[in-house]
Structure formats: structure tokens, C-alpha cells
Amino acid sequence: MSQVETRIEGVVLDEGLTVTLAELTRMCGSSGRTLHLMVTEGLLRPQGSAPQEWRFSGLEVRRARRAVRLRRDLELNLAGTALALDLLDELEGLRERIRVLERQLGDRRLAE
Amino acid sequence: MEYKDYYQTLGVTRDASQEAIKRAYRKLARKYHPDVSKEPNAEARFKEVNEANEVLGDAEKRAAYDALGNDWRAGQDFRPPPGAGAQEFRFSPEDAAEFSDFFSSLFGREFHRRPGEPRRRRGQDQTVRIAIDLEEAYSGITRQLRLDLPEVGVDGRPSSHARTLNVRIPSGVTHGRQIRLSGQGAPGVHGGAAGDLYLEVELNPHPHFTPDGKDIHLRLPVAPWEAALGATVQVPTLGGAVNLKIPPGSQGGRRMRLKGRGLPGDPAGDEIVILEIVAPPAETEEARRAYRHMAEVLHFNPRAGLGV
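From first to last, the protein sequence lines stand for chains R and V.
Residue 95 in my numbering is what sits at position 95 of the first sequence, and the numbering runs on without skipping anything.
Residue 1076 in my numbering is what sits at position 76 of the second sequence, and the numbering runs on without skipping anything.
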């Protein structure tokens, strides 16, 4: 057990971040071919038309990493991965809506 | 170290076919996959299931495991028999870093001595959840993190490495966002680059404000006359109180937008104020008289729209 003290600043994976296909490949620990297929399948949606012009937002990075993990760990094919990702996105969106709406309703629960 | 009952982990009998083991593994992997699962301890369970599958899913490793005999119970104190680990097994060192001592005592000693090794490998990425207050997300914060990172020692054995990191969380980060700290994950193997560390931000519930992405929702209590006659009232925002003009004739549920008063960013979020009309208590004779007077002069039926 050793202890190293470091002060570091990270990069937020949001709309403000854009990465190239090569960078994304490194971040996902995946092959460029797999990620290329994921774009073709519509699973990832970069800006730009040609692969060398592709720019992925931070949100797409998160999506890509998740896609690579799901595909590997659950032995899914690309179509199955795309479906799982879309459903997960929708599920997260709905959970978020519920959380906000429940807070808006506040204490106005049924008083019997 | 503790004996691991891999059959129990996968919920199969000791004479299960390879096909049955594969099916059981797939089912549990879907259930506990950290990207999908809402189960508590999903990540730890997923690792256990993966480790069990690494052994039972491979005929050679399974045979070596079975050779320990059937008398062991999960959690029992285990000492590897002489000769264990002498055989060569195929798996990747970064997997080994994730597996238990029990696993490495049986399978984990030899991989770095295989001919052709060592192969340079990048360290694993790590993901850590971090909960911060909304005020901290607004202003940004430096947070101290204590991390236990798995690593593979020079002897090829997995060990754990405690580190303290002071991480700057920039202002404007929203619920569920990830922050990537390049090269701060698990160290590489045989000179490979370190993995990355991902922080997943969660916002603690706030007593008044509800974040919705970069927007902030606030239910604002107003008196009936403020809503009816219009008023300028003080509204809390993350950046301090501001004045809000309530137009005359407002009803409960009306939404008003305070542009740019949400979480910072480009563009910044808004604060969305939802008016909530609060009736004053009628606890004194004077208050009751005021209500009766209103009832007389207003001739108001709030249920007219319901047809009653």
C-alpha cells in the first residue's frame, strides 16, 4: 500500500467535448472497425461525413463505451446492442422525468 | 483466503453441462451487468459471476477446480494444495487483476512466465460514483477521493493500491455526467499505459431545488393576492436571491423562466419557477371575516369547469 497525492483536473464528457475516431477507439479499448460499424448501424451519431472528419461528443463517448461493454460482456450483436442502448437511454430519461415530476408534486399526496 | 463455490455463484449443479453453465452465466450477466442493473452491489456480483464463468466456462480450468474435491464450502478457509497453479491457463492479466486471491492461487501465477510474454497491456479503466451537492455543482469544487485501485505486481499477483486524489469538479456539471481523468485508472501491465478513471457525478437531493439537466425547478409559494394582483417577490436561485415580477391574474401552476439562473454552462440552464398559491390559515376571527367577505363579493365557483 502506497499513497500518492495528486491534484488533477478531468474532462467532463458533455456536449462541449469532441473527440476523433482514433481517440474514441483508445477511450473504448475497442477496434476502429467495431466503432465504424456502430456508426454505420446508427448506434453512434458523430458530426461530419467521412470517418476522418467524424467528431464524437462527450455524450457519444459515454454511449460508445457502454456499447462496447454490453457487446463484449453480454455477447450481443450490433443490432441487439443498439436496441439495448436505445432502451437504456429511454429508461434513464423516464427515470429523470419521474424524479423531476415527483418533486414538483411535492407533498401533495393523497390525504385519506 | 476463502474458498469460492463457483457452482453456487452461477446457481448450477456440479455436474452441469458446459451449455447449462453458459446459459446460467448469460442470465446472471444480464441481471447484474453494471450498465443495466439496478440491483444493489451489481458491480461486485457481476465480478463474481464473471470469475465463476472464467473458471467453469473453460473445460481445463473447470477440471483443475473440480480436482480440489467436493468437500469445500463457500467461505471456508482455503490453502492451495501443492502443485496448484503449476499448470498454464489462458486468460488476460487485466482480468486477473479483477479476480479474487482464491482465483489467482489456482490459476494466476503462471501467465507472466509463458513464452512470448510479457506482453505490454494497458491498465483497466475504473469508474467511481461521486455524490455532490447542487451548490457544489453550481460553483465547482475540489473533492478528495480515496481510491483502491487493483494492480498486478511484478510477481504477477493482483494487489490493491490505495491512492488519494484531489479532483477538480468543474462548475456546471449535471446529474449522471461522467468526468474522465486520463491515465488515473489501473496501472498498465509490463510497461503498458495506465487506464483512465471515470467519475460519475450524482447530485444529492436539495430541499428546494430540483435539477433537470442544467435547468433548476423551484416551486414558489405565493399568497393569493400576490397571484391575483401581481407582485414583485424575492426568489432564491443558486447564485443568490433575485426579484421576480409576478403578473396580475396568475394562477397556481404557472411557470416562469429565470433565464440563465440554472447551472452554469454554454448556454447556462434556466431556473423554472412554478407558482404555488398557498391559502393563509383562517385561525383568527379577523381572518375568517376576511374570507367570508371574499366569498360574498367574489361569487367564485372554482369548480365551474367541472360542470357542478
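Check the hints yourself; a few may be wrong.
Unchecked claim - A few chain V positions that, by computed beta-carbon distances, are all more than 12 Å from chain R:
#1 Glu-1019
#2 Gln-1076
#3 Arg-1120
#4 Gln-1144
#5 Gly-1172
#6 Ala-1193
#7 Gly-1195
#8 Arg-1219
#9 Ile-1274
#10 Thr-1284
Said to hold, decoys possible - Computed spacing ranges between beta-carbons, pair by pair:
#11 R:Gln-47 - V:His-1190: 43 to 51 Å
#12 R:Arg-7 - V:Arg-1079: 38 to 46 Å
#13 V:Gly-1140 - R:Arg-99: 21 to 29 Å
#14 R:Thr-20 - V:Glu-1135: 34 to 42 Å
#15 R:Leu-87 - V:Glu-1043: 17 to 25 Å
Hints listed in this document are in silico derivations from the structure and should not be mistaken for laboratory results.
Ideal Cβ placement from N, Cα and C applies to all residues, glycine included.
Each hint, compared with the structure:
| no. | hint | result |
| --- | --- | --- |
| 1 | Glu-1019 | holds, 14 Å |
| 2 | Gln-1076 | holds, 27 Å |
| 3 | Arg-1120 | holds, 14 Å |
| 4 | Gln-1144 | violated, 9 Å |
| 5 | Gly-1172 | violated, 8 Å |
| 6 | Ala-1193 | violated, 9 Å |
| 7 | Gly-1195 | violated, 8 Å |
| 8 | Arg-1219 | violated, 6 Å |
| 9 | Ile-1274 | violated, 6 Å |
| 10 | Thr-1284 | holds, 24 Å |
| 11 | R:Gln-47 - V:His-1190: 43 to 51 Å | violated, 37 Å |
| 12 | R:Arg-7 - V:Arg-1079: 38 to 46 Å | holds, 43 Å |
| 13 | V:Gly-1140 - R:Arg-99: 21 to 29 Å | holds, 23 Å |
| 14 | R:Thr-20 - V:Glu-1135: 34 to 42 Å | holds, 36 Å |
| 15 | R:Leu-87 - V:Glu-1043: 17 to 25 Å | holds, 21 Å |
Hints 4, 5, 6, 7, 8, 9, 11, counting from the list given before, are not met by this structure.
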